[in-house]
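Novice: Please put together the full structure from these sequences, using the hints given.
Respectively, the protein sequence lines represent chains B and S.
Counting in this note's numbering, the final residue of the first sequence is number 367, and the numbers go up one at a time with none missing.
Counting in this note's numbering, the final residue of the second sequence is number 367, and the numbers go up one at a time with none missing.
Quick caveat, the hints were computed from the structure, so don't treat them as lab data.
It cannot be assumed that every hint is accurate.
[Unchecked claim] Capping the alpha-carbon separation at 30 Å, the derived lysine-lysine pairs in DSBU-like fashion look like this:
1) B:Lys-121 <-> S:Lys-234
2) S:Lys-120 <-> S:Lys-316
3) B:Lys-121 <-> S:Lys-121
4) B:Lys-120 <-> S:Lys-53
5) B:Lys-113 <-> S:Lys-121
6) S:Lys-113 <-> B:Lys-234
These numbers come from a predicted model, not from an experiment.
2 protein chains.
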Amino acid sequence: MARVFNFSAGPAVLPEPVLQRAAEEMLEWHGSGMSVMEMSHRGKQFVEIASRAEQTLRDLLQVPDNYRVLFLQGGASGMFAAAPLNLLRGGRVADYVNTGAWSKKAIAEAKKYCDVNVAAASPEGRLTIPPQAEWKLSEQPAYLHYTPNETISGVEFHWVPQVDVPLVVDMSSTILSRPINVADYGMIYAGAQKNIGPAGITVVIVRDDLLGDAMPQTPAVWDFKAQADADSMLNTPPTYAWYIAGLVFEWIREHGGLTAMGERNRRKADTLYQAIDQSDFYRNPVDPDCRSWMNVPFILADSELDKTFLAEATEAGLQTLAGHRSVGGMRASLYNAMPQEGVDALVSFMQDFARRHG
Amino acid sequence: MARVFNFSAGPAVLPEPVLQRAAEEMLEWHGSGMSVMEMSHRGKQFVEIASRAEQTLRDLLQVPDNYRVLFLQGGASGMFAAAPLNLLRGGRVADYVNTGAWSKKAIAEAKKYCDVNVAAASPEGRLTIPPQAEWKLSEQPAYLHYTPNETISGVEFHWVPQVDVPLVVDMSSTILSRPINVADYGMIYAGAQKNIGPAGITVVIVRDDLLGDAMPQTPAVWDFKAQADADSMLNTPPTYAWYIAGLVFEWIREHGGLTAMGERNRRKADTLYQAIDQSDFYRNPVDPDCRSWMNVPFILADSELDKTFLAEATEAGLQTLAGHRSVGGMRASLYNAMPQEGVDALVSFMQDFARRHG
Numbered sequence: 010m011a012r013v014f015n016f017s018a019g020p021a022v023l024p025e026p027v028l029q030r031a032a033e034e035m036l037e038w039h040g041s042g043m044s045v046m047e048m049s050h051r052g053k054q055f056v057e058i059a060s061r062a063e064q065t066l067r068d069l070l071q072v073p074d075n076y077r078v079l080f081l082q083g084g085a086s087g088m089f090a091a092a093p094l095n096l097l098r099g100g101r102v103a104d105y106v107n108t109g110a111w112s113k114k115a116i117a118e119a120k121k122y123c124d125v126n127v128a129a130a131s132p133e134g135r136l137t138i139p140p141q142a143e144w145k146l147s148e149q150p151a152y153l154h155y156t157p158n159e160t161i162s163g164v165e166f167h168w169v170p171q172v173d174v175p176l177v178v179d180m181s182s183t184i185l186s187r188p189i190n191v192a193d194y195g196m197i198y199a200g201a202q203k204n205i206g207p208a209g210i211t212v213v214i215v216r217d218d219l220l221g222d223a224m225p226q227t228p229a230v231w232d233f234k235a236q237a238d239a240d241s242m243l244n245t246p247p248t249y250a251w252y253i254a255g256l257v258f259e260w261i262r263e264h265g266g267l268t269a270m271g272e273r274n275r276r277k278a279d280t281l282y283q284a285i286d287q288s289d290f291y292r293n294p295v296d297p298d299c300r301s302w303m304n305v306p307f308i309l310a311d312s313e314l315d316k317t318f319l320a321e322a323t324e325a326g327l328q329t330l331a332g333h334r335s336v337g338g339m340r341a342s343l344y345n346a347m348p349q350e351g352v353d354a355l356v357s358f359m360q361d362f363a364r365r366h367g
Numbered sequence: 010m011a012r013v014f015n016f017s018a019g020p021a022v023l024p025e026p027v028l029q030r031a032a033e034e035m036l037e038w039h040g041s042g043m044s045v046m047e048m049s050h051r052g053k054q055f056v057e058i059a060s061r062a063e064q065t066l067r068d069l070l071q072v073p074d075n076y077r078v079l080f081l082q083g084g085a086s087g088m089f090a091a092a093p094l095n096l097l098r099g100g101r102v103a104d105y106v107n108t109g110a111w112s113k114k115a116i117a118e119a120k121k122y123c124d125v126n127v128a129a130a131s132p133e134g135r136l137t138i139p140p141q142a143e144w145k146l147s148e149q150p151a152y153l154h155y156t157p158n159e160t161i162s163g164v165e166f167h168w169v170p171q172v173d174v175p176l177v178v179d180m181s182s183t184i185l186s187r188p189i190n191v192a193d194y195g196m197i198y199a200g201a202q203k204n205i206g207p208a209g210i211t212v213v214i215v216r217d218d219l220l221g222d223a224m225p226q227t228p229a230v231w232d233f234k235a236q237a238d239a240d241s242m243l244n245t246p247p248t249y250a251w252y253i254a255g256l257v258f259e260w261i262r263e264h265g266g267l268t269a270m271g272e273r274n275r276r277k278a279d280t281l282y283q284a285i286d287q288s289d290f291y292r293n294p295v296d297p298d299c300r301s302w303m304n305v306p307f308i309l310a311d312s313e314l315d316k317t318f319l320a321e322a323t324e325a326g327l328q329t330l331a332g333h334r335s336v337g338g339m340r341a342s343l344y345n346a347m348p349q350e351g352v353d354a355l356v357s358f359m360q361d362f363a364r365r366h367g
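Specialist: What follows is the structure in structure tokens.
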């Protein structure tokens with residue numbers, strides 16, 4: 010068996026020790042006589058697995074007691090609907106900041122349920138974030154939504170907006186990559202398939218005073234209050250994905266928690282951006298102030314070499330480097346489970362490729 | 010390692026060869042250098058896994074070409090909302106048949122989106138299905154919804170209603186247990202965690218002429234037309250659960266398909282119902298015409314013995330036999346992956362228990 014370095018934007022590389030443990034426990038979990046996949050979600054064993062995963066996540070993120078942690082289905086795209094359905098709380102308007110493709114999807118979905126004021130948007134054709142001084146907030150928005158990290162374009166906020174209303178954030182591709190202050194936010198949500206675990210489970214962290222006023226047409230499975238009251242088991246949760254997420258949380262803790270993750274991730278990103286910036290062959294199109302630690306897009310001086318680059322990279326064990334189909338070029342995603350060695354190998358390959366084709 | 014006989018109603022027992030293969034392939038799938046859990050859903054390898062799973066399911070159920078097969082998130086509880094959102098098609102009224110707890114939940118959810126006419130309901134305190142001659146259908150319902158198998162009470166339709174409108178059915182606990190005629194239905198939906206695979210993926214089979222007229226407030230991830238057009242990848246699907254479902258479908262095919270499953274399941278159910286009926290110690294409260302092949306509830310002559318029964322059964326390797334917390338008593342779920350040996354072992358245990366405590 011030869012595992013590759015997998016730079017997929019998501020579903021993405023997972024820690025190998027997590028996969029090993031999952032394989033070992035697949036037929037029988039801890040003397041239970043069954044796989045976690047076969048356990049009733051109401052049984053003592055799965056309830057223990059689920060609550061331990063939640064507690065580890067709470068410890069990692071230092072989630073304050075007045076926040077509820079939910080494990081739901083639907084992905085971030087589902088939460089694009091669930092956020093306004095739950096958090097408008099009788100309001101009619103929500104403010105959104107548009108910094109890229111995922112912001113746009115969140116806005117389109119929110120428009121089904123409320124008036125959206127686009128308080129700010131990245132200027133056409135520029136990969137940057139407008140400074141908050143330029144934002145045009147509405148009078149009484151129910152919340153302000155933004156996308157801390159745009160997975161496709163690699164545009165990331167390295168600051169937290171200061172506003173008087175709850176911040177609602179899609180942290181799918183940046184959660185757990187470094188410490189954050191959960192109390193800065195009203196609601197954090199994240200699809201699991203980057204830094205948390207397998208696709209198909211969605212983490213929601215929401216301040217409890219925002220709950221209890223969902224719109225009448227809110228689907229029951231996305232009613233945050235009802236799910237919070239039921240410990241995310243109003244209906245059958247995605248139990249196996251929850252279990253794997255718990256193993257990933259433990260792996261993060263064993264490897265120094267979010268401070269250590271942040272240091273590792275900063276170093277990995279620095280390594281790759283430096284290699285790109287020092288080369289005339291590669292270019293990263295993002296404003297240096299807003300460069301993502303998690304998703305590093307880059308283009309080749311000659312796009313006719315893209316296919317050759319991808320084919321040779323794959324051959325060298327460096328996989329899933331194609332940029333999103335909407336933008337082309339390359340993209341290397343450097344989530345927690347990508348080791349420094351993977352980035353070093355990528356940089357060596359890039360330098361060698363540039364020498365041969367430059 | 011000693012695997013037990015797991016009678017859980019869901020998540021439930023899975024075929025051991027499926028778990029073995031999943032364990033073997035966990036770190037690397039077919040020379041790909043990565044786990045299925047780590048694959049981009051847009052990559053060639055996962056697309057192959059996904060489309061093969063769909064094709065195997067289509068083959069097993071002989072799904073006609075004018076039906077779309079979707080793999081979504083949200084569970085049957087999510088589909089309680091998604092069904093009216095997608096299938097009202099401008100209509101205001103839908104007919105529902107209430108035969109138990111899951112019917113009631115489907116009705117409560119549908120009321121958020123339309124007028125529900127309860128066309129028929131099981132008489133209070135009786136576990137039976139009212140004959141269709143007694144149903145009071147509305148004038149122009151958009152569809153008629155019923156629950157072919159009530160997982161909690163073990164009440165199952167052994168016939169298909171004859172109506173002029175599309176039948177919409179929650180087949181979570183009966184799908185793949187025997188052959189059906191898909192063309193009888195407008196929409197079939199099923200949470201996976203009984204006969205399909207892990208919790209967290211939901212199969213929808215829907216006639217394509219019913220698509221394309223979803224209500225404006227339908228969440229994008231549950232817009233059946235949009236998901237059909239995107240091969241269920243409008244957003245990141247629950248990839249690993251999809252893969253496991255594919256392995257389960259292959260296991261069913263290798264074991265003779267749905268005809269063989271139906272014969273095995275009928276025999277298992279007959280074995281258990283006969284043992285119950287021949288005993289004064291156990292009783293199944295369901296009308297014999299509507300007894301479920303999949304979920305067999307039974308009560309002990311003396312409910313004070315329930316705890317002892319469960320403790321001794323667990324000790325004997327017969328697990329998860331407690332009835333649903335809303336009804337108590339016992340329930341043995343006999344899904345496809347439960348072998349005849351498990352039922353035989355349960356019956357032996359029950360006879361022995363009755364001798365010792367009767």
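Novice: Check each numbered hint from earlier against the structure, then list the numbers of those it violates in ascending order.
Specialist: 2 and 4
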